[in-house]
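Its first residue numbered 313, the sequence shown is counted upward by one per residue in our numbering.
Any given hint might turn out to be false.
As the list claims (entries may be wrong) - Below, in silico cross-link-like pairs of lysine to any residue (SDA-like), each with a Cα-Cα straight-line distance of 20 Å or less: (1) Lys475 to Lys340; (2) Lys489 to Asp547; (3) Lys458 to Thr505; (4) Lys458 to Glu486; (5) Lys340 to Pro394; (6) Lys458 to Gln502; (7) Lys340 to Arg366; (8) Lys458 to Ala434; (9) Lys340 to Ala611; (10) Lys340 to Arg398.
Source of the hints: derived by calculation from the structure; they are not laboratory data. Quick caveat, the model's predicted, so the values are computed rather than measured.
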Amino acid sequence: MKAALKSLVLRGLAGPPVYPLLRARAHKGRPATIMCYHTLRPDDQPLDAWVALRVSDFVAQIDMLRETYDIVSLDTLLSPDPHGQRPRVAVTFDDGERGVFDHLLPVVRDLDIPVTVYVATAHIQTGNAFWFDRVMNALQGAGPTKITLAGIGNWQIGPERGKRRWAQIGAILEALKTVPTQDRDGLADQIETQAGAMAGGFTPLQPMDRTQLEQLAADPRVTIGAHSHGHELLDQLPIEDATASIARSRDLLVAWTGQQVRHFAYPNGNHTPALMQALSDLGFVSSTILQDRLVEPGAPAHALPRIAVGRYDTLARIRLRLVGV
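Whole structure, please, built from the sequences with the hints as guidance.
If you want it as structure tokens, here you go:
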């Protein structure tokens, strides 16, 4: 009953006559919008992971955006627009997961939309999935799975599927973000062992390879940005180590793709004034964080907010987040 009432309220706010008023208020002052995604999967793959949006849902969201916004590149969004009649939105993807090549690139070509893909380079270089993708892959099995990490916590995953399972997986991921960086891969090993054989029926979360990244970057609609080397939570590292990770990711991406790499996204959105200064010193022109806010004129170039969208976000909820509700 409570969920049904909430859904009814959301639909009411996201439609006429209320929504046009909310939109007019939000767009006063002509802010821009940056959307944050991670990867895509076919509709028929039962992957309980917030980061893996269904292809049809992404297409529906692009159609929705086009009703009101001009979808532009990040460089265009950050340039002056003195005579624009419609608000502008940039679409970005984080990490460099395989679905960006397999599923996003065909959509980009079919719909002729510009996107920025922020790539973390270590998993491209080694071919090994990051710890968080390994955890999500491991916990897709049918039935309940018990996970025990000494000194960290105990969880039961499943047997429910969908949003409920994702909430359980997400709790483990958040717990692992609190441990030292060097411990996370070992903890992912433990989770894989406890979970047993990986479930079938879906394509595991995994990095693109170099050839796929090069083909992605060759499309004129695609801008490549940096996302650190090891997808570290940069505010947990000494500033020298964080700066080295940022610079290494940029330098590898330039070498691999031939693109200028001028934009950066903080992993998990974690940032500090020292990191903002480091990015400016390294010559980046923008850096993005994760906050449900629009990009107001004069916003700090190295803390630009993005609205993060995932598998369980409805069109009505996204509409309201776009206007600050």
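Against the 20 Å threshold, does the CA-CA distance of Lys458 and Thr505 hold or violate the hint? Given pair Lys458, Thr505 holds - Cα atoms ~11 Å apart, limit 20 Å.
Straight-line alpha-carbon gap Lys340 to Pro394, limit 20 Å: holds (14 Å)
Keeping to a limit of 20 Å between CA atoms, is the pair of Lys458 and Gln502 held or broken? Answer holds: Lys458 to Gln502 is near 12 Å, not above 20 Å.
Tell me if the straight-line CA distance from Lys340 to Ala611 falls inside 20 Å. holds (15 Å)
CA of Lys458 to CA of Ala434, is that 20 Å or under? violated (30 Å)
When you check the alpha-carbon spacing of Lys340 and Arg398, does it fall within 20 Å? holds (12 Å)
Taking 20 Å as the top limit, are the C-alpha atoms of Lys475 and Lys340 close enough? violated (35 Å)
Given hint Arg366 paired with Lys340 - CA-CA distance at most 20 Å: Violated: Lys340 and Arg366 sit about 32 Å apart, past 20 Å.
Between the alpha carbons of Lys458 and Glu486, is the straight-line distance 20 Å or under? Measuring from Cα to Cα gives roughly 17 Å; hence the hint holds.
Quick one, are Lys489 and Asp547 close enough, alpha carbons at most 20 Å? holds (12 Å)
Going through the hint list in order, the structure does not satisfy hints 1, 7 and 8.
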